[in-house]
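A.B. asks: Chain residues, written in single-letter form:
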Amino acid sequence: MADTVRTYTRKIGLPRLIISALFIAVCIAAVIMKQDFRLLVSDVLRRFGMFGILALAMIPAIQSGTGPNFALPIGVICGLLGGLIAIELKLTSAILGYGFIPAILISLPFAILAGYIYGRLLNKIKGSEMLVATYTGFSIVSFMQIGWVMLPFKHPEMIWPIGKGLRVTIALDSTYGKVLNNLWAFKIKGANIPTGLLLFFFGSCFLLWVFSRSKTGIALNISGDNPKFAAASGIDVDKNRILGMVLSTVIAAVGIIVYSQSYGYIQLYMDPLYMAFPAVAAVLIGGASTKKAKISHAIIGVFLFQGILVVALPVANDMIPEGNLSEVLRMIVQNAIILYALTKVGGGD
Amino acid sequence: MLNNIKQEVKKYYSPSTIKRFMVDSSVPLLFIVVCLLGVYYSKLPAVFIVDTLLERITRNLFLVLALIIPVIAGLGLNFGIVIGAMAGQFAILMVKHFGIGGFPGFMLCIAISTPIAMLFGLMTARLMNKTKGQEMISSMIAGFFANGVYQFILLFLVGTLIPIKNDILVLANGVGVRNTIDLSRNGNLTYSLDNLLKLPLFQVLAAAAVIALLAMVADYHIKKRGKKASSIIQYGFKALVCLAVLVTSIAVLTSKSPVRNVKLPIVTTMVIAGLCIFNSIILKTKLGQDLRTVGQDMHIAKISGINVDRTREIAIIISTIFAAWGQIIFMQNIGTLATYGSHVQIATFSIAAILLGGASVSRATNGQAILGVILFHTLFIVSPKAGNNIFGEAQIGEFFRAFVAYGVIGVALGLHAWRKTMGGRKKKTTVVSE
Amino acid sequence: MKKEAVLQMKNIEKAYYGNKVLKNISLSVKAGEIHALLGENGAGKSTLMNILFGMPVIHSTGGFSGEVRLNDEIVEIKSPFDAMKLGIGMVHQEFMLIPDFTITENIKVNRETTTPNFISRTFKSKRLETLDHRAMDSDARKALDTLGMGIDEWTKVAGLPIGYMQFIEIAREIDKSGIKLLVFDEPTAVLTEGEADNLIAAIKGLAAKGIGILFITHRLEEVLQAADNITILRDGELVATRKKKETSVIELAELMVGRKIQILNKSGANNGGTDQREKAIEIKNLEVKMPGEAVKGIDLDVYKGEILGIGGLAGQGKIGIANGIMGLYESTGEVLINGQNLVLNDTKGSLRAGIAFVSEDRRGVGLLLDASIEYNIAVTTLQVKNKFLKRYGFFKQIDGRGVRQHAQQLIKDLDIRCSGSQQLTRQLSGGNQQKVCIARALTLEPNVLLVSEPTRGIDIGAKKLVLDLLLKLNKELGMTIIMTSSELVELRSICDRIVIISDGGIEGILPPEAEDREFGLMMAGEYKKLLGKEGM
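Chains as they are written, first to last, in our numbering: chain S, 1 to 349; chain P, 350 to 783; chain E, 784 to 1319.
Bound conformation, chain S alone:
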């Protein structure tokens, strides 16, 4: 009996098990405290779609062997640039998704280029990717702070009325804010279902899945799984690592655009600084490790992680009205899970 429990535990993975238990616990607590479930379900679904693509960006990075992409802010910056330029050029007609589609298209060349350059960099520092990635991300974000002030944006909704540079938060009410969330949205028993958002997320997952079953996708996966095996099968490992990073950066760029439209604001300056950590934590919770990841890990992980945070929020506020317990909980869970994954990396070989 104990053995079967143990094998079962190993199969699901300790983090996923603990987080699932925690999720069920907060759900039960929510029932006991008679929380408004329609609101909770709407919220979970919204945040699931909002964070999903950012977590999905981890998958090609891990699969290609560069580890969780702690340099996610690079892609985020590209996405933000796309979003800003789309608004600046006033490509915000209804046909263009109020700027949503141009935002993605414009961000692509930035993301591809940035991902390529960064991928080449990562090939020179194999084995220490995670730490360097973190600080590359931090550096880019802090560098772009100067960029947000200096870049010649003129759109009155985006720049400070007095002074120089872009605003810290830019409202998207008049442009693509909530386009996906409201697309084909409907209500079941009062719970809002953001159909467009969910479709877009699952569509992205599907595309990535199709890619992973193509010849290139398989080569990418082998490169990460066992670089020596890949080399012996005539696969150029370094090229695939770069490809993985390009994909990850592109998905991150798309991810932040989806995130901003769902949130209703573009957030600049220091805001993207810690963007990578919840995304990394999500895929790890979903069952990924720093070396192996599947698309399902991103889906399950985001659902559990965001689910806990959403449900715990009102529960916690009922218990301790002051302070943001949910935020503290996020910090603890998120970093504990990353630490756990790090202890599983093994002696750095």
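Warning: the hint list may mix true and false statements.
For each label pair, taking beta carbons as the anchor points, the in silico distance ranges come out as [claimed, not checked]:
| no. | chain 1 | residue 1 | chain 2 | residue 2 | range |
| --- | --- | --- | --- | --- | --- |
| 1 | P | V596 | E | R894 | 46 to 56 angstroms |
| 2 | E | N824 | S | Y340 | 40 to 50 angstroms |
| 3 | E | R894 | P | V372 | 32 to 42 angstroms |
In silico DSS-like pairs for lysine-lysine, Cα to Cα no more than 30 angstroms straight-line [unchecked claim]:
| no. | chain 1 | residue 1 | chain 2 | residue 2 |
| --- | --- | --- | --- | --- |
| 4 | P | K633 | E | K909 |
| 5 | S | K239 | E | K1027 |
| 6 | S | K292 | P | K479 |
| 7 | S | K228 | P | K479 |
| 8 | P | K651 | E | K907 |
| 9 | E | K907 | P | K635 |
| 10 | E | K1195 | E | K1179 |
| 11 | E | K909 | P | K479 |
| 12 | S | K124 | S | K189 |
| 13 | S | K189 | S | K239 |
| 14 | S | K228 | E | K1067 |
| 15 | P | K587 | S | K239 |
| 16 | P | K651 | E | K939 |
| 17 | S | K228 | E | K939 |
| 18 | P | K635 | E | K925 |
| 19 | S | K228 | E | K1131 |
| 20 | E | K909 | P | K481 |
| 21 | S | K126 | S | K294 |
| 22 | E | K909 | P | K651 |
| 23 | E | K1179 | S | K292 |
| 24 | P | K633 | P | K481 |
| 25 | S | K124 | P | K635 |
| 26 | E | K1168 | P | K635 |
| 27 | S | K291 | P | K769 |
| 28 | S | K228 | P | K481 |
The following residues of chain E were derived to be distant from chain S, with all beta-carbon distances above 10 angstroms [as the list claims (entries may be wrong)]:
| no. | residue |
| --- | --- |
| 29 | S829 |
| 30 | M832 |
| 31 | E1034 |
| 32 | V1162 |
Quick caveat, the hints were computed from the structure, so don't treat them as lab data. These numbers come from a predicted model, not from an experiment. Glycine is no exception: its CB is placed at the ideal position from the N, C-alpha and C atoms.
Dock chains P and E against chain S, hints included.
C.D. replies: Chains P and E only, in chain S's frame:
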């Protein structure tokens, strides 16, 4: 004698070694130039710069020096000093609760923080022993995690599980510690170390230079009688530095510039000097040699019978304790504890500072720490003004210094990783100079 | 004058997981004696040394039987540290030196001389005592002088020539107080000839001071140059102990290699005279920069339909040949496949030219351990030949059904024991993993199959199955096979010709039924020197 010097110049100061020196110290050299430009463009009065800089150096240097021992033990830059800082802040909160101020209050902070920091350090070290090869990112994430726990304790356990009734510390509703705590109220901790003794900086410098010169002459004569005569050039160089300090100090003192009135907190400076001495003395002991051996090659250390894990634990515990003390020194100078913010950035800033001084992941010295702190804080002081004067936007200067902090860490880590992949066994030395 | 035996090992037996690797070994080294321990890779030399040094690997696998005596006292050595305390020292093959430390610091690692100081007295801690650099330097000086090394003790090790590093290792061992026995593990492997001569002179000097020396090597000439007595191990058994005066290089070679062999390949494919036969591969002046297995220029023809064996001792370069042809390590020279020039350093090109490779590193290079059997089998062919792909609209996707059918066929053909084609390869036994590797290679439909160390780490029953399989592929499909192996018996049982590699070059080519001593001499690299000609 002249021949000796010539030979030595040939041996140690050939064009190739000079070139290597330039490459090795490219980071500090670059930032010395950047700082000088910043000072020039900021157009700030010298007295302001010197005074502020001095305060910032004495405030921050102890924390930066806490980074050195883990580097020697091969653990890299200890991002976990944040955790030590939290231990320091726990102690400060407790002392505030007891309402003890002044120097006794300060010493009580030190006493309380030490066991807490030891425990935190041990836990961090255990984690780092489990994540060999990924120590730095582990210590960084551990810092984030600890911050979560820290907030949980202070925001939600204080007043509920931990019964504390104290209007100054606890929020109005009785649960959670306040966001900012004024250290000068209810037992004054502000400047409790700095104000013990303050003397004019340039008088102290002049006196120190004279003493150093005398000591050097004595030392030279004693060594000369022994077999190994030390390098004449090194003596000459040191003597020149001392002379330069002496002359500058006298020049400042005789001038009417307000700079001559800048005062140095003597006790704080002595505490910092004490840590510098500790860092170099520890290397002369068996423990220090073990730390170096472990830092150079864990495998060899292990088969030679050194308890590698224990040695690494000692390194991190020492560093964490110093970080706690460093944070207390920091806070007594600042005077206001931002309960949830004061510690968050100290690892990033301290590490950026030591890297600016020319340290790397595998090599760090007292000298680099001192130079780095000077450069980093100069940059901090002048960049908003310089940004304003150059770009017409003070923000740009602020953003620039944030970028420098993150960027220099990113570049240092990247270079280290690059050398590790490329060089294989070509490791750099890890010796504290002097 | 009868000298006392420093070390006696009596009736040593050791088994790993029921597999006996040492059978009743006895060995005795007297004070001042240089005793050589001779044997092929896998003969049991390192296991014997692991026992002597109390390595954890011995104790974690159930210990050993027999007794070890030092100066006629039974000792129990539980850790390398115990061995050190008892006065047994080891000079490692790969240097255990810290480059950035001075020679003194390296000699004194964790044995530093210290003097108490105020703080160490207060805390009663030895670790806080001050280092006594002067005493340490003078100790180091003494050890270096014993070896006749003039180099300054405060020089940093980084940048010293390899020969010096070896001497520093020795200096460290003799600096340990009461050293009685010093073990040299293939000390000359990395040295130039001049350095090796110096080393042997130094070893003789140490022996003259009364230290017992155990000298592990496979260089026969050196053995006769240095040793007083020689013990030869083969397959975990003690074959013979000889006095230097009573033996010769040829006898030693024979003793090292000789054993009964069973020739499975009875067709005698090479009876047709090799000259007229078509060449499958021509290798001209191939050099491969594979670390530890460098190939330093070989010329070799491989004929169609033969099984060519490549043998030799570890580290001589035999492994490098196949890896070089496959483009896995940087190589230069010329390789012709069926008369067509092969572009070197291009793995994909080599695979497309019809060469398939089963790597010596099965778990590291040969398999995706966390992927299914079917995926492992198909994936290389998918990448190289665009097979197993199916078109869906714009996308080409992996053809799951095709992969499975193909894998199931091969599982049946090669008799891979598994729970199904979707089982992960990590869960398979070594022999079945090897079959999956072969299946992957066969899926490429190669003209030439390169197989390296096909039976390493496989139990005996499975070994036979793998060899039979190779033979069957050769006989039934006419596949040309180049098999690289450290196990001579295996090569002789199925190959048509056997090339012996020594020091990165071809020492000679022998038929499987050639005499033991010829193989032995070639493996030891003495064949050309002794007989002044190449084999065959």
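A.B. asks: Are the hints correct? Go through all of them and say.
C.D. replies: How the hints compare with the structure:
Taking the beta carbon of each, V596(P) and R894(E) are about 49 angstroms apart, inside 46 to 56 angstroms as hinted. Taking the beta carbon of each, N824(E) and Y340(S) are about 41 angstroms apart, inside 40 to 50 angstroms as hinted. Our hint of 32 to 42 angstroms for R894(E) and V372(P) holds, since their Cβ atoms are close to 37 angstroms apart. Distance restraint check for K633(P) and K909(E): the Cα-Cα separation of roughly 13 angstroms lies within the 30 angstroms cut-off, and the hinted pair is therefore satisfied.
Using a Cα cut-off of 30 angstroms, the hinted pair K239(S) and K1027(E) is violated, with the two alpha carbons roughly 58 angstroms apart. Distance check on the hinted pair: K292(S) and K479(P) sit about 20 angstroms apart at the alpha-carbon level, within 30 angstroms; holds. Between the alpha carbons of K228(S) and K479(P) the distance comes to roughly 26 angstroms, so the proposed pair stays at or under 30 angstroms and holds. Simply put, K651(P) and K907(E) have alpha-carbon atoms about 24 angstroms apart, close enough for the 30 angstroms limit, and the pair holds.
A distance of roughly 13 angstroms separates the Cα atoms of K907(E) and K635(P); the hinted pair therefore holds under the 30 angstroms criterion. Between the alpha carbons of K1195(E) and K1179(E) the distance comes to roughly 29 angstroms, so the proposed pair stays at or under 30 angstroms and holds. For the given pair, K909(E) sits about 27 angstroms from K479(P) by alpha-carbon distance, which is consistent with the 30 angstroms threshold. For the hint pairing K124(S) with K189(S), the CA-to-CA distance comes to about 55 angstroms; that exceeds 30 angstroms, so the pair is violated.
With a C-alpha separation of about 50 angstroms, the suggested pairing of K189(S) with K239(S) is violated against the 30 angstroms cut-off. Taken as a hint, the K228(S) and K1067(E) pair is honoured in the structure, with Cα atoms around 27 angstroms apart against an allowance of 30 angstroms. Annotation: proposed proximity of K587(P) to K239(S) is violated, straight-line Cα distance about 52 angstroms (limit 30 angstroms). For the hint linking K651(P) to K939(E), the alpha-carbon distance of about 21 angstroms falls within 30 angstroms, and the restraint holds.
At roughly 36 angstroms between alpha-carbon atoms, K228(S) and K939(E) are farther apart than 30 angstroms, so this suggested pair is violated. A threshold of 30 angstroms between alpha carbons decides the hint, and for K635(P) with K925(E) the separation of about 22 angstroms falls inside it, so the pair holds. Restraint check for K228(S) and K1131(E): satisfied, since their Cα atoms lie roughly 14 angstroms apart, inside the 30 angstroms limit. For the proposed pair K909(E) and K481(P), the alpha carbon gap of about 27 angstroms is at most 30 angstroms, so the pair holds.
A C-alpha spacing of about 22 angstroms is found between K126(S) and K294(S), which places the hinted pair at or below 30 angstroms, so the restraint holds. Distance hint between K909(E) and K651(P) is fulfilled; the C-alpha atoms sit about 19 angstroms from each other, no more than 30 angstroms. For a cut-off of 30 angstroms, the pair hint linking K1179(E) to K292(S) stands: about 24 angstroms separates their Cα positions. Distance hint between K633(P) and K481(P) is fulfilled; the C-alpha atoms sit about 26 angstroms from each other, no more than 30 angstroms.
As the CA atoms of K124(S) and K635(P) are separated by approximately 37 angstroms, the hinted pair breaks the 30 angstroms bound. Restraint check for K1168(E) and K635(P): the C-alpha separation of about 62 angstroms exceeds 30 angstroms, so the hint is violated. A C-alpha spacing of about 20 angstroms is found between K291(S) and K769(P), which places the hinted pair at or below 30 angstroms, so the restraint holds. Proposed proximity of K228(S) and K481(P) is supported: the alpha carbons are some 23 angstroms apart, at most 30 angstroms.
Once the 10 angstroms rule is applied to beta carbons, S829(E) is consistent with being away from chain S; the minimum gap is 22 angstroms. Non-interface call for M832(E) relative to chain S: holds, since the shortest CB-CB distance, roughly 25 angstroms, exceeds 10 angstroms. The Cβ of E1034(E) lies farther than 10 angstroms from every Cβ of chain S, with a closest approach of about 42 angstroms, so its non-interface assignment holds. Interface exclusion of V1162(E) from chain S breaks down, the closest Cβ pair being 6 angstroms apart, not more than 10 angstroms.
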